[in-house]
Amino acid sequence: EAQVTQNPRYLITVTGKKLTVTCSQNMNHEYMSWYRQDPGLGLRQIYYSMNVEVTDKGDVPEGYKVSRKEKRNFPLILESPSPNQTSLYFCASSLVSGSSGELFFGEGSRLTVL
Amino acid sequence: AQSVSQHNHHVILSEAASLELGCNYSYGGTVNLFWYVQYPGQHLQLLLKYFSGDPLVKGIKGFEAEFIKSKFSFNLRKPSVQWSDTAEYFCAVNAPFSGGYNKLIFGAGTRLAVHP
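Respectively, the protein sequence lines represent chains E and F.
Each number in this note's numbering comes from the position in the first sequence (counting from 1) with 62 added on.
Each number in this note's numbering comes from the position in the second sequence (counting from 1) with 353 added on.
FYI, nobody ran anything at the bench for these hints, they're computed from the structure.
We put the beta carbon where it would ideally sit given N, CA and C, even for glycine.
Some hints here could point you the wrong way.
To be verified - Here are the computed lysine to any residue pairs in the SDA-like style, where the Cα-Cα straight-line distance is at most 20 Å:
1. 119/E to 468/F
2. 402/F to 139/E
3. 414/F to 139/E
4. 414/F to 379/F
5. 414/F to 164/E
6. 402/F to 157/E
7. 422/F to 379/F
8. 79/E to 157/E
9. 402/F to 166/E
10. 411/F to 119/E
11. 119/E to 402/F
As the list claims (entries may be wrong) - A partial selection of chain F residues facing chain E, derived with a Cβ cut-off under 8 Å:
12. 392
13. 393
14. 399
15. 410
16. 414
As the list claims (entries may be wrong) - Listed next, with one range per pair, are the computed distances between beta-carbon atoms:
17. 133/E to 433/F: 39 to 45 Å
18. 464/F to 116/E: 33 to 39 Å
19. 64/E to 358/F: 29 to 35 Å
20. 395/F to 121/E: 21 to 27 Å
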């Protein structure tokens, strides 16, 4: 089954404790992206990657890091989480070549930073 | 900068009522247009999309949307809503991006609550 898988789905942590949210897709998509969803703000892009070893900042990259060492994986790293990073996070992927821009989303990871 | 505006943040309807959710975008070039739906506790799923051709597109679950280029609009409609349509709806537009990839820009979303 074609899917984007995120882990963990739910996480409560404390300020400053490094964490990683993993994302994996099995569709051989070149493009992957992380969004955060906050009430009244819709989805805002954090980082994206157009292919292996190619990453770039989205609209709200502060406080986040990503890596793309393999095509299928695109982890989101919070080196020192802060309460304003409490949010619902979505990983998404898409083809690039000839792509319309349609995204396939993971189930979401709800993060609470105390 | 490109942006997407969804006029209604919250909509409450009774079952069988008709639905229209507004979406306007600010970009003058060629765009692809999408509506995504997020049911409570779930991820976003594609409802329908417009690339070219007939500006009236039909999606899943009886939804349709009309692209009006002169108004930069892509409004979502459904003639008769059901309780199961309770969800959050996101309009999204992709527009040319300097890196050659079409970036998807989302509106803030509209929460729809349908009462039995």
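Each hint tested on the structure:
1. With a CA separation close to 41 Å, the supplied pair residue 119/E and residue 468/F exceeds the 20 Å bound.
2. Taking the CA atoms of residue 402/F and residue 139/E, the gap is about 32 Å. The hint is violated against a cut of 20 Å.
3. Under the criterion of a C-alpha separation no larger than 20 Å, the hint pairing residue 414/F with residue 139/E is inconsistent with the structure, at around 37 Å.
4. Proposed proximity of residue 414/F and residue 379/F is contradicted: the alpha carbons are some 28 Å apart, above 20 Å.
5. The hinted pair formed by residue 414/F and residue 164/E meets the criterion: a straight-line CA distance of about 19 Å does not exceed 20 Å.
6. For the given pair, residue 402/F sits about 16 Å from residue 157/E by alpha-carbon distance, which is consistent with the 20 Å threshold.
7. With a C-alpha separation of about 11 Å, the suggested pair residue 422/F and residue 379/F falls inside the 20 Å cut-off, and the hint holds.
8. Only pairs whose Cα atoms come within 20 Å are accepted, and residue 79/E paired with residue 157/E is rejected, the gap being roughly 34 Å.
9. The straight-line distance between the Cα atoms of residue 402/F and residue 166/E is roughly 13 Å, inside the 20 Å bound, and the hint therefore holds.
10. A threshold of 20 Å between alpha carbons decides the hint, and for residue 411/F with residue 119/E the separation of about 34 Å lies outside it, so the pair is violated.
11. A threshold of 20 Å between alpha carbons decides the hint, and for residue 119/E with residue 402/F the separation of about 26 Å lies outside it, so the pair is violated.
12. Hint status for residue 392/F relative to chain E: violated, with the closest Cβ pair at about 12 Å, above 8 Å.
13. For residue 393/F, the interface hint is violated, since its Cβ never comes within 8 Å of a Cβ in chain E; the closest pair sits about 12 Å apart.
14. Residue-level restraint check for residue 399/F holds (minimum Cβ-Cβ distance to chain E is 6 Å; threshold 8 Å).
15. Interface restraint check for residue 410/F: the shortest CB-CB distance to chain E comes to about 13 Å, outside 8 Å, so the restraint is violated.
16. Restraint check, residue 414/F versus chain E: the minimum CB separation of about 18 Å is more than 8 Å; hint violated.
17. Our hint of 39 to 45 Å for residue 133/E and residue 433/F holds, since their Cβ atoms are close to 44 Å apart.
18. Separated by about 36 Å at the C-beta atoms, residue 464/F and residue 116/E satisfy the suggested range of 33 to 39 Å.
19. Between residue 64/E and residue 358/F the C-beta distance comes to about 32 Å, which sits within the given range of 29 to 35 Å.
20. Our hint of 21 to 27 Å for residue 395/F and residue 121/E holds, since their Cβ atoms are close to 24 Å apart.
Checked against the numbered hints given earlier, the structure breaks hints 1, 2, 3, 4, 8, 10, 11, 12, 13, 15, 16 and satisfies all the rest.
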